[in-house]
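Top to bottom, those sequences are chains A and B. Position one of the first sequence corresponds to residue 1 (this note's numbering), numbered consecutively onward. Position one of the second sequence corresponds to residue 1001 (this note's numbering), numbered consecutively onward.
These aren't lab readings, by the way, just hints derived from the structure by calculation. Don't take each hint at face value.
Unchecked claim - Partner residues are not named here, just some residues of chain B that face chain A (Cβ under 10 Å, in silico): (1) R1002; (2) A1006; (3) L1008; (4) A1033; (5) R1153; (6) R1155; (7) V1158; (8) E1159; (9) A1160; (10) L1163; (11) N1179; (12) R1256; (13) D1260.
What the hints assert, rightly or not - Derived DMTMM-like pairs: lysine to aspartate or glutamate, alpha-carbon spacing no greater than 25 Å straight-line: (14) K342/A / E1154/B; (15) K403/A / D1260/B; (16) K342/A / D1260/B; (17) K342/A / E1159/B.
The C-beta atom is built at its ideal place from N, Cα and C for all residues, glycine as well.
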Amino acid sequence: MSLLEVNDLRIRYGDNAVVDAVSFEVNRGESVGLVGESGSGKSQTAMALLGLLPRSARRTGGIRFDGTEIIANDERALDRIRGRRIGMVFQDPMQALNPYLRIGKQLREILLQHRIADGAAADAQVVAMLGRVGLPDPERQFDVFPHQLSGGMRQRVMIAAALIAEPDLLIADEPTTALDVTVQAQILDLLEELRDDTALLLITHDLGIVAGRCERLLVFEKGKIVESGATASLFTAPRNEHTKRLLADAPRIDRGDIPPAGCGKTVLGIESASVSYSDNGGDELQAVRDVSLSLREAETLAIVGESGSGKSSLVRSILGLIPMRSGRVVYAGAPLEGPVQKRAAAQRRDLQLVFQDPASALNPQMRIEDVVGEPLSVHAPGSSSDSRRQAVLAILEKVGLNKDYLRRYPHQLSGGQAQRVAIARALILEPKILICDEAVAALDGAARRKILELLKAVQDESGLSIIFISHDLSVVRSSCHRVAVMYLGLLIEVANTEALFSAPRHPYSRALIDASPIPDPLAARATAPLKGEVPSLRSPPSGCVFHPRCAFAEEQCRETRPQLRNLEGARVACHRAEGIDLGLCY
Amino acid sequence: MRWSAAILLFVLLLAIVAPWLSPHDFQNTNFNAILQSPGLSDGRFFGTDEFGRDLFVRTMLGIRITLLVAVVASLVSLVIGVTYGAVAGYIGGRVDAVMMRLVDTLYALPFIFFVILLMVAFERNFFLIFVAIGAINWLDMARIVRGQTLSLREREFVEAARLTGVSTVRIIFRHIAPNLLGIVVVYVTLSVPQAILVESFLSFLGLGVQEPQTSLGALVNAGVKQMEGASWMLLIPAALLALILMCFNFLGDALRDFFDARHVR
């Protein structure tokens, strides 16, 4: 008998069916991946398994767990199962952990609730569990609050909470979406390592995550399972059209064309830029330290790095949204100085920004026509509303939207459409430089691919230069000419994309590439994920800031900071760049 | 929403038109008709008070004044409070600190003392009531709006507007203010009943509306004194007051949804 049997599950909200006739089974100890785009019903299915659907949902169909039926609103029965027999790991650990309770207490509560242990025995079990999920110094971590931990450590605590009662089934809903790519690899490995004979239901939109980790996959589309089967066969011989499309849209870091680096003239020069924040205690945090970079004409320059690497701070200071502490930026022969309000209109017009989350980058109270047309009314105040509308229409058509969208509000658009509107707003002034801050990170496969194609088309047509900030190296590989890698506010490698992905010079670049999941079970790589996490800006390591996580670190690395130097056409900041063999990636 | 709006409109029209149509006057005393109970004869629908004045006409007059005071006072607090709070919150820094300390200082002034001062300094004047109530209400509004603006200022669409060079004034009125609407409308609908209550309190102290003028608050006050013998003197104006307050609250809920673009499908 299977551990979990779902039979003809249907979930509707009013007339809107979000899950439609879904049936599947999960056997003991098995790992099953639920994949699909956002809104395909995979999370709703998981919520139904736990009886966590909102009251407005109408659920029909059977869910049998270990032989007993899970009834939607039998809270007492559900309480005996949840946490005890079925563990759950959510996407955002900050939301799932109670900010007012020390983490040890939160974990102990599970043991007390289910009468697994109490008193000192419970405390000992919690400490042991915290140790198993890799928290350093677990006795001390027992007494910390969730906000004192990093995102990766919080997710480890969530895994500890989900597994402490030794459940039969673990449901992980996008467990690594909120985390950096190197931490993502650690967390996925940890899940695999700790679950023993616990069955795993892994819900994700990222095919790269399930490729090497799940035995079976269920592909969701519009509330239905359109294909299911063993992972390997599903990847190599997908039968359903939707599965084929998902696979085609998933960017791959190990193959595909790399755009060749050009040699156009420099349009934007960044010279020794530094940005610092003062924290509440009055200490100065150096978010960006002494970064020099240049952007060429008609080129896409990627800036990559984990969160806290200073990539967003760098571009915000270039744009004049935050002050640059020292250094300067030269655009078209003139320095870009001061806050954005005080800059010349032409300089403002030529540099535009596209944000990560289109939902918050568009004013919810303004119609699309006004959103896109506003830059025009600022920069050409005399223009008639009719000519403005023509310009808005023209730019909307360029980004693939028609006149039906003029009168709509942002909330009436999908994520991809909203991002097109944001790009249209940035392009309507015909800028020379477009800065995309994680502009495709919030989008699913197909929408992401279309936005990237759109940017490419605009660049080919008008010679636009693009700075592309991303944490996703597989996207960078297929769409950027050159790459700058940042770590803890420092530039550590700048290279042509082709060179970086075939032979990275810095151990951190290599680690970032290795951590990117590949949506192909046959392309499994035998590499150890990067250990540890990005240190705090408050106390950066001595010498090379990367040395605590570097497998090649030597005495010299701990003592002196390596300068960025030229090496075979690339620039790299590593003492040992010549001495170590990082090998060919692909 | 339709019902609340319809009832309010009806009450308002009645209050404006009815006193003209009635054969009675709001201030003529008639000692032959003291404390008459409500009835259809004579057109004394709501009866009379202890001076024989027609309560129907007086109640309609009271509604006029109550609504006028409440709406004008709320509008005063809306305009001053939203502008002040949005400017302080958006500009921030030292300007914000100075502006909000001023608000704190005004908060510290005892309200009644402030009103008495106004009354002494100027003649007893109907408009002083607006000034007094508005001057108190906008402080709350400014604080709420400033807090909301502080978080809106960090939103990316405001950053995008700054990047294209949209002026500060335009950002405040085009990007910040419309997104404040939800909370502002709710606060205004709460402040209308509050203004009504404050007005009746002032009238009770003798600082508000002066006889023979009247307001719903003043009528309720008078009714309390006669409630044992003439319960209608209390019940009718009190019921109308409650009805009006309730309609404002429902209307506020509906208006918030109406103004929020996110409800457009």
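Hints versus structure:
{"no.": "1", "hint": "R1002", "verdict": "violated (23 Å)"}
{"no.": "2", "hint": "A1006", "verdict": "violated (28 Å)"}
{"no.": "3", "hint": "L1008", "verdict": "violated (26 Å)"}
{"no.": "4", "hint": "A1033", "verdict": "violated (57 Å)"}
{"no.": "5", "hint": "R1153", "verdict": "violated (12 Å)"}
{"no.": "6", "hint": "R1155", "verdict": "holds (6 Å)"}
{"no.": "7", "hint": "V1158", "verdict": "holds (8 Å)"}
{"no.": "8", "hint": "E1159", "verdict": "holds (6 Å)"}
{"no.": "9", "hint": "A1160", "verdict": "holds (6 Å)"}
{"no.": "10", "hint": "L1163", "verdict": "holds (6 Å)"}
{"no.": "11", "hint": "N1179", "verdict": "holds (6 Å)"}
{"no.": "12", "hint": "R1256", "verdict": "violated (13 Å)"}
{"no.": "13", "hint": "D1260", "verdict": "holds (8 Å)"}
{"no.": "14", "hint": "K342/A / E1154/B", "verdict": "holds (19 Å)"}
{"no.": "15", "hint": "K403/A / D1260/B", "verdict": "holds (23 Å)"}
{"no.": "16", "hint": "K342/A / D1260/B", "verdict": "violated (33 Å)"}
{"no.": "17", "hint": "K342/A / E1159/B", "verdict": "holds (15 Å)"}
Of the numbered hints given earlier, the model fails hints 1, 2, 3, 4, 5, 12 and 16; all others are met.
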